[in-house]
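S.K.: Sequence:
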Amino acid sequence: MNTTARSAILVVFLVALCVVAALAKRSDVYLLTLAAVYMMATFGLNLTVGYAGQMSLGQAAFFGIGAYIAAIALKAGVPFLLVLPIAAVACFVVGLALGFPALRVQHHYLAFATLGFNVLVFLIMRNEEKITGGTFGIPAIPRPTIFGMSFEGHLAFFYFTLGSLVILAGGLWWLLR
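Under numbering that gives the first Met the number 0, the first residue of the sequence shown carries the number 0, and numbering increases by one thereafter.
Because the hints were derived from the structure by calculation, they are not lab data. Quantities reported herein were computed from a predicted structural model and do not represent experimental measurements. Glycine residues also receive a C-beta, built at the ideal position from the N, C-alpha and C atoms. Watch out, some of these pointers could steer you wrong.
Distance ranges between label pairs, derived from CB positions [what the hints assert, rightly or not]: (1) 7 <-> 99: 40 to 48 Å; (2) 115 <-> 45: 21 to 29 Å; (3) 27 <-> 53: 29 to 37 Å; (4) 75 <-> 19: 33 to 41 Å; (5) 167 <-> 53: 17 to 25 Å.
Can you make the complete structure from the sequences, with help from the hints?
M.R.: Laid out in structure tokens, this is it:
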């Protein structure tokens with residue numbers, strides 16, 4: 000199948016997904032949004048494990064660190080376009096702090112080191128209730144507003160998440176080319 004046919008199928012699928020979301024119940028739109036978010040997280044895991052061949056089990060920890068930093072910053076009133084780089088840089092710094100000692104280990108030992116890091120981050124997030132809300136999480140996180148456009152509704156937020164997924168998939172495709 001050539002590139003034009005693949006692109007056409009992708010566009011038809013995305014349009015059909017948008018139509019299905021517009022006709023779906025609120026809970027179904029929530030599940031579609033959650034699936035899009037998890038696909039974005041899976042891109043990073045695929046890049047690390049699939050393409051780089053590193054046995055890293057710390058992806059969920061970085062996902063959580065970025066999510067909590069973004070949630071805390073949004074609740075503090077930081078604009079969304081600043082929240083993304085702040086969370087990304089924070090994850091990068093933590094990744095460097097974990098990565099330098101992990102350079103000495105390979106394969107299974109790297110998996111154990113990143114698994115230990117993942118458990119440590121999980122325990123911190125669960126037990127530091129003043130910062131993370133513990134097992135209840137952080138309530139009432141405001142939805143993003145970009146250039147005055149609010150994504151407050153469940154359908155608008157799904158379209159925002161789907162657009163972010165498409166942009167990230169395009170970036171990953173470009174990186175792998």
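S.K.: Next, verify each hint and record whether it holds.
M.R.: Going through the hints against the structure:
no.	hint	result
1	7 <-> 99: 40 to 48 Å	46 Å, holds
2	115 <-> 45: 21 to 29 Å	22 Å, holds
3	27 <-> 53: 29 to 37 Å	36 Å, holds
4	75 <-> 19: 33 to 41 Å	36 Å, holds
5	167 <-> 53: 17 to 25 Å	20 Å, holds
Violated hints are absent here; each numbered hint is respected by the structure.
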